[in-house]
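Engineer: Sequence:
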Amino acid sequence: MYIFIKIFLSFCIFYGIYIIVTAVISSHAGKELKRRGCNCDDKEISIYADSENVEYCIRAAIAESVFKVKKITVNVPSSSPERERTAEIAERFRRKYKNIKINYN
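Residue numbers (the working numbering): 48 to 152.
Hints in this document: simulated from the structure, not taken from any laboratory.
Beta carbons are placed, not taken as given, at the ideal position from N, Cα and C, and that holds for glycine.
Not one of these hints is a red herring.
Pairs of lysine to any residue, SDA-like flavour, derived with a Cα cap of 20 Å:
| id | residue 1 | residue 2 |
| --- | --- | --- |
| 1 | K78 | N100 |
| 2 | K148 | E138 |
| 3 | K118 | I136 |
| 4 | K148 | S98 |
| 5 | K143 | N122 |
| 6 | K117 | C87 |
| 7 | K78 | E91 |
| 8 | K143 | I109 |
Computed beta-carbon distance windows for the label pairs:
| id | residue 1 | residue 2 | range |
| --- | --- | --- | --- |
| 9 | T69 | S127 | 31 to 39 Å |
| 10 | Y49 | N146 | 39 to 47 Å |
| 11 | F51 | R142 | 38 to 46 Å |
Based on the provided sequences and hints, a complete structural model is requested.
Structural biologist: Dropping the structure here:
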């Protein structure tokens with residue numbers, strides 16, 4: 048019985064540390080998105096980025112929406128010379144995560 052209590056307490060401590068670390072990462076990702084100029088609402092995250100930063104912004108948006116599922120919108124400008132590359136990166140993430148939408152402006 049003593050070993051069961053020890054294992055249970057270890058699991059609870061590990062899970063508590065996991066939740067705290069995840070909350071800190073989610074909070075930092077939200078601040079980073081705002082610093083990059085992305086719009087963050089309660090239900091949606093809009094990303095305006097070029098091909099160099101779009102992968103970083105999508106990963107930060109996914110990390111920010113860990114506790115609350117949010118719709119992530121990636122806006123690809125039509126005037127950008129790197130439009131195809133930006134769309135390719137966003138499409139790769141869209142196939143894996145179903146809450147990502149791509150807008151071609």
